[in-house]
Every structure is written in C-alpha cells, then in structure tokens.
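Student: Chain by chain, the residues:
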Amino acid sequence: MDYQLSVNDVHLSFGGLQALNGVSTGVNEGEIFSIIGPNGAGKTCLLNCINRFYRPQKGSIKLEGRDLTRLSPHKIPGLGIARTFQNVELFSHMSVLDNIRLGAHIHLKSGFLTGGIYFGPCRNEEMNLRRHIENEIIDLLEIEQIRKSIVYSLPYGLQKRVELGRALAMQPKILLLDEPATGMNLEETEDMARFILDINEEWGITIVLIEHDMGVVMDISDRVCVLDFGVKIAEGVPEEIRHNEQVIKAYLGEQDLTLSRLG
Amino acid sequence: MDILIQVIVTGIATGGVYGLIALGFVLIYKATSVLNLAMGEFMTLGAFVCFTVLSQLDAPFYLAFALTLVCAFILGAVVERLVLKPLIGEPIISVIMVTIGLGITLRGIMYMIWTPTFRSFPQIFPPEPLQLGFAVIPSGLWWGLILAVAATVIFILIFKFSRIGVAMRATANDQQAALSMGISVRGIFAMSWCFGAAASMIGGIVIGNINGISVYMGDVGLQVLAVIILGGLDSIAGAIIGGLIVGILQNLTGLYIDPLVGGGAKNVAPYFILVLILMIRPYGLFGKRIIERV
Numbered sequence: 001m002d003y004q005l006s007v008n009d010v011h012l013s014f015g016g017l018q019a020l021n022g023v024s025t026g027v028n029e030g031e032i033f034s035i036i037g038p039n040g041a042g043k044t045c046l047l048n049c050i051n052r053f054y055r056p057q058k059g060s061i062k063l064e065g066r067d068l069t070r071l072s073p074h075k076i077p078g079l080g081i082a083r084t085f086q087n088v089e090l091f092s093h094m095s096v097l098d099n100i101r102l103g104a105h106i107h108l109k110s111g112f113l114t115g116g117i118y119f120g121p122c123r124n125e126e127m128n129l130r131r132h133i134e135n136e137i138i139d140l141l142e143i144e145q146i147r148k149s150i151v152y153s154l155p156y157g158l159q160k161r162v163e164l165g166r167a168l169a170m171q172p173k174i175l176l177l178d179e180p181a182t183g184m185n186l187e188e189t190e191d192m193a194r195f196i197l198d199i200n201e202e203w204g205i206t207i208v209l210i211e212h213d214m215g216v217v218m219d220i221s222d223r224v225c226v227l228d229f230g231v232k233i234a235e236g237v238p239e240e241i242r243h244n245e246q247v248i249k250a251y252l253g254e255q256d257l258t259l260s261r262l263g
Numbered sequence: 001m002d003i004l005i006q007v008i009v010t011g012i013a014t015g016g017v018y019g020l021i022a023l024g025f026v027l028i029y030k031a032t033s034v035l036n037l038a039m040g041e042f043m044t045l046g047a048f049v050c051f052t053v054l055s056q057l058d059a060p061f062y063l064a065f066a067l068t069l070v071c072a073f074i075l076g077a078v079v080e081r082l083v084l085k086p087l088i089g090e091p092i093i094s095v096i097m098v099t100i101g102l103g104i105t106l107r108g109i110m111y112m113i114w115t116p117t118f119r120s121f122p123q124i125f126p127p128e129p130l131q132l133g134f135a136v137i138p139s140g141l142w143w144g145l146i147l148a149v150a151a152t153v154i155f156i157l158i159f160k161f162s163r164i165g166v167a168m169r170a171t172a173n174d175q176q177a178a179l180s181m182g183i184s185v186r187g188i189f190a191m192s193w194c195f196g197a198a199a200s201m202i203g204g205i206v207i208g209n210i211n212g213i214s215v216y217m218g219d220v221g222l223q224v225l226a227v228i229i230l231g232g233l234d235s236i237a238g239a240i241i242g243g244l245i246v247g248i249l250q251n252l253t254g255l256y257i258d259p260l261v262g263g264g265a266k267n268v269a270p271y272f273i274l275v276l277i278l279m280i281r282p283y284g285l286f287g288k289r290i291i292e293r294v
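Residue numbers (my numbering), protein chains in the order written: chain R, 1 to 263; chain W, 1 to 294.
Wrong hints could be hidden among the right ones.
[As the list claims (entries may be wrong)] Restraint ranges, calculated between C-beta atoms of paired labels, are given here:
1) R:E31 to W:Y283: 46 to 56 Å
2) W:F272 to R:L17: 43 to 53 Å
3) W:F118 to R:G120: 51 to 61 Å
4) W:I104 to R:N185: 52 to 62 Å
5) R:H107 to W:S33: 24 to 34 Å
6) R:R131 to W:F134: 52 to 62 Å
7) R:G183 to W:Y283: 22 to 32 Å
8) R:N185 to W:Y283: 47 to 57 Å
9) W:S162 to R:M127: 20 to 30 Å
For the record, the hints were derived by calculation from the structure and aren't laboratory data.
In this text, a Cβ means the ideal position worked out from N, Cα and C, and glycines have one as well.
Input sequences plus hints: build the corresponding full structure.
Tutor: Written out as structure tokens, the structure is:
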C-alpha cells in the first residue's frame with residue numbers, strides 16, 4: 001500500500017549541526033502515527049519539514065504523490081496539512097471563536113465584491129462554516145463555555161484545545177500535532193487523547209503526533225517511529241517499540257528506568 | 001491668545017503629516033520588527049518623483065500622485081527583495097544598520113539625479129488659505145493635512161478590514177501561526193514595505209509642497225523617529241497621536257522658547273519631551289509592553 005504521506009531520505013542541517021540525517025518513513029491514510037525520541041532528536045524538525053517551515057537540503061516529502069519540498073510554505077495548508085505547535089501559537093488577543101474561524105479562511109471564496117453584497121453565495125458559505133465550527137468543532141472539543149473568551153486569559157491546557165480547534169477548522173487531511181499533551185495534568189491529558197482518537201475515528205483525519213507522554217503514545221498510536229540524533233532507529237506498532245533494544249538504549253541508557261517509563 | 005490658537009492649529013496640521021510618515025515606520029516595524037532608518041530618504045524620493053512628473057511632463061497632480069504610489073510600491077518591493085530578504089535570520093540590529101546604509105545610498109543617488117539644489121514645488125493646491133475665524137491655515141498645510149488624513153484613514157481601513165490587512169496583522173502577532181494558516185509571510189513582509197514606502201512618499205509630497213524640496217528634506221525623518229518612539233513603535237494610534245504632540249510642541253517652542261534662546265529650540269523640543277516620556281513610559285505612550293516571565 002502506498003503511503004499517504006511519505007518521507008524519503010530527508011537531510012536537514014543548520015550549519016554544522018545535522019538535525020535530520022536521511023530519515024525515511026511514511027504515514028498511511030487514516031492512522032495515528034507517532035514520532036518519539038529523546039530531546040533534540042529532530043522530531044519537530046521533521047514536522048517543520050513536512051509543512052515546509054524548513055526546506056530539507058536533500059530528500060523529498062510527498063503528499064499523495066505530490067512533492068511538498070518544492071512548494072512555498074503558505075501553499076501547504078491549502079493541500080490539507082494543518083498543525084499545532086509545541087508552544088501554543090494563537091492570535092492571543094482575539095476570542096476563541098475568532099481564532100478557530102480564522103483557521104477556515106483558506107476555504108473562503110468570497111472576495112471584496114461578494115462579501116460586500118453578502119446575500120447569496122457568501123451568506124451560505126458563512127452559514128455553513130459557522131455551523132461546522134459551532135456544532136462540530138466546538139462541541140467535539142468541549143469548549144462551549146469559553147468560546148467568547150480572549151485567548152490569552154485562558155489556562156494553557158485550554159489554549160492547546162483552541163489551537164487544535166483552529167487546525168480542525170482548516171478541514172485538513174493530515175493533522176500534525178506537536179506535543180499536544182505537554183504541560184497538562186492527568187485529566188487534561190486524557191481529554192486530549194480522547195479528542196485525538198475522536199478526530200481520527202469520526203472524521204477520518206490522519207494524525208501525525210509528537211508526544212513525550214509514553215502512556216498516550218502507546219495507547220492511541222497505530223504505528224510509532226523513533227528518532228535519535230536525526231536518524232530513525234525504529235518503526236513499528238507500539239508493542240514492538242516497547243521492547244526494541246535500541247529504543248530502550250536511546251531513551252535513557254538505563255534499562256530499568258526506561259522500562260518503567262515505557263510502561 | 002490669537003497667536004497661540006494659530007500656532008496650535010498649525011501644529012495640528014504639521015502633526016497630521018508627521019503622523020502619516022510615522023504610520024509608514026510603524027507598518028514596517030509591526031510586520032517585520034525592522035526600524036527603517038531610510039524612511040526620510042523614501043520620503044525625499046517620493047517628493048522628487050512627484051515633482052519631476054509634475055514639472056517635466058506637465059502632468060496633472062492626480063497622475064503624478066498615482067505614479068508616485070506606483071514608484072513607492074516598486075521601491076518597497078525591491079528593497080525588501082534585494083536588501084532585506086538576504087538578511088533574514090541575521091540579528092535585527094544588523095538589519096537596522098543596513099537601512100542606514102540604504103538611506104545614505106539613496107541620498108547619494110538622488111544627489112546624482114537631482115543635484116543638491118533647493119527647489120520649490122509647483123502649485124498643486126488652490127493657493128487660498130483656509131480662514132477659520134480664530135485662525136488661518138496656509139493652503140499648503142491645509143491641503144497637506146487633508147491628504148495626510150485621507151491617506152492615514154485609508155491605510156487604517158486597509159489594515160483593519162481588507163484580507164491583506166488582516167493577514168498583515170496576523171503576521172505581526174504570530175509569524176508561525178500565520179504561516180501555518182496559509183499566509184505567505186514573505187509576501188506580507190514585502191507588502192508591509194510597499195505600504196510603508198507609500199505612506200512616507202505621500203508624506204514627502206506634502207512636506208515638499210509646504211517647505212520646498214531638496215535632498216536634505218529627509219532630515220524630517222529624524223523628527224518622525226521621535227514621533228514613533230514617543231507613541232510606541234508598534235502602535236498605529238501612537239503614531240498619529242505622537243505626530244500631533246510633536247507637531248504642536250514644535251510650533252509652540254518655536255513661538256515661545258526660540259526668541260529666548262535665539263532660535264533652534266524648535267528642533268530640539270521633540271527629543272527633550274521624548275526623553276521625559278521615555279523615563280516614565282519606556283515603551284512609549286501606546287507601545288506594547290513586553291513582559292517576560294522567567
């Protein structure tokens with residue numbers, strides 16, 4: 001089976017620092033694919049290459065056969081790749097609803113003229129969009145009660161949810177999530193894992209996930225890819241990864257401590 | 001008393017023009033965090049382009065104005081592409097230094113093309129001054145103020161409501177988020193330079209029309225620097241209000257302090273107040289306060 005998103009021999013370096021050294025992997029349509037690895041392994045770099053924040057020096061990244069490395073970064077969302085960030089990147093003095101709506105702007109066709117007339121196609125477009133956002137996204141993420149709040153006044157855990165909502169409003173095929181559960185308490189982490197599963201199962205969106213919380217990763221992932229110092233050291237179903245010697249060594253070097261972390 | 005009102009009214013008119021040029025600074029700073037110290041030269045160039053089209057081609061003013069705007073967009077785009085794009089990722093102070101060099105280069109080029117002669121602007125506005133009853137505004141200032149206010153309002157409307165304006169604000173707020181929303185951040189950078197250049201070039205036309213033009217008129221850019229630091233580097237409202245404050249202040253000092261010290265205080269006054277305000281509000285009157293939690 002062909003991968004929906006395939007990464008072939010990607011090299012990325014900053015000066016003398018080799019951040020990604022020939023990484024090849026692929027994501028199947030409709031799966032939850034996790035990327036794990038110690039700090040500085042190049043996980044976020046790989047994500048940044050996929051949505052073209054970085055341009056890899058060598059190698060190709062293909063979405064449904066189309067090479068992304070040659071496109072400019074602002075074209076990527078239009079192809080159906082949305083992402084969230086490790087440190088929340090929201091428009092901090094706008095309301096939750098406005099932030100989420102903004103995610104949908106690439107799908108709006110109305111221009112100056114149709115917008116000025118408003119009735120007709122523009123109105124329909126706006127109503128459909130509002131229905132989609134208010135009924136589905138806000139409902140799914142359980143943020144009804146904060147939809148009018150200004151983002152910077154919200155706690156971190158909720159901001160992460162809003163960011164996820166904004167990415168969903170882009171109606172992506174693939175969702176890149178960079179550490180969605182970092183800095184959350186147990187309950188929030190469980191909520192986030194549930195949202196990710198819902199999005200994946202009910203909406204059929206492919207998920208690429210970076211996460212340090214091994215409990216989450218092992219529970220929800222279909223497949224896991226392990227990076228260490230810019231090299232892929234393992235890939236497979238969570239059960240294989242859990243017992244992979246190299247992974248255990250890369251993680252802490254101390255076997256029993258690692259075992260306790262990998263559960 | 002009459003003379004006081006007169007001076008204040010003149011100050012408001014001057015301030016409106018400062019506000020427009022300051023807006024040019026702020027547009028560029030907000031989107032790209034670069035303080036463009038070549039703004040004065042952009043302004044001079046605008047005045048010269050408009051002047052040349054008016055006097056050499058005998059074109060009507062609206063045509064000259066439109067051509068100047070086209071020039072501003074070309075200048076903005078070229079500067080962004082040739083000078084600033086290669087500097088992406090360099091320390092911001094280097095980029096600001098480069099804009100000083102850019103200003104000097106532009107000034108040199110203008111020397112070569114137009115020579116340092118002082119010229120007066122052709123008549124573009126009706127010469128009758130505006131009689132307000134309690135004050136009289138000279139024609140140049142009056143029409144200049146109208147032009148400046150109209151341009152400022154249009155820029156603010158674009159910034160607030162148009163798609164590109166919203167994209168510019170998004171980029172100013174969070175570049176990464178903007179990029180992941182499908183906004184071309186590089187395109188927005190170029191656009192900000194275009195708008196910034198346009199604002200300063202319109203300001204150049206107005207000031208050229210009031211004071212006459214020469215390659216030295218770019219020094220007004222330095223006064224405007226006081227305006228934006230006073231108002232807060234990243235605040236559009238600050239640019240406009242700062243412009244008014246500096247405009248009024250300059251004219252008042254010209255009236256009351258200059259005779260006491262034998263002249264020159266007019267040009268120093270804005271900086272004097274600037275220092276005072278910065279001691280109380282280091283981010284300027286309306287600047288964004290950056291709080292870092294450690």
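Student: For each hint, tell me whether it holds in the structure or not.
Tutor: Structure-based check of all given hints:
| no. | hint | result |
| --- | --- | --- |
| 1 | R:E31 to W:Y283: 46 to 56 Å | holds, 49 Å |
| 2 | W:F272 to R:L17: 43 to 53 Å | holds, 49 Å |
| 3 | W:F118 to R:G120: 51 to 61 Å | holds, 58 Å |
| 4 | W:I104 to R:N185: 52 to 62 Å | holds, 57 Å |
| 5 | R:H107 to W:S33: 24 to 34 Å | holds, 30 Å |
| 6 | R:R131 to W:F134: 52 to 62 Å | holds, 58 Å |
| 7 | R:G183 to W:Y283: 22 to 32 Å | holds, 29 Å |
| 8 | R:N185 to W:Y283: 47 to 57 Å | violated, 35 Å |
| 9 | W:S162 to R:M127: 20 to 30 Å | holds, 23 Å |
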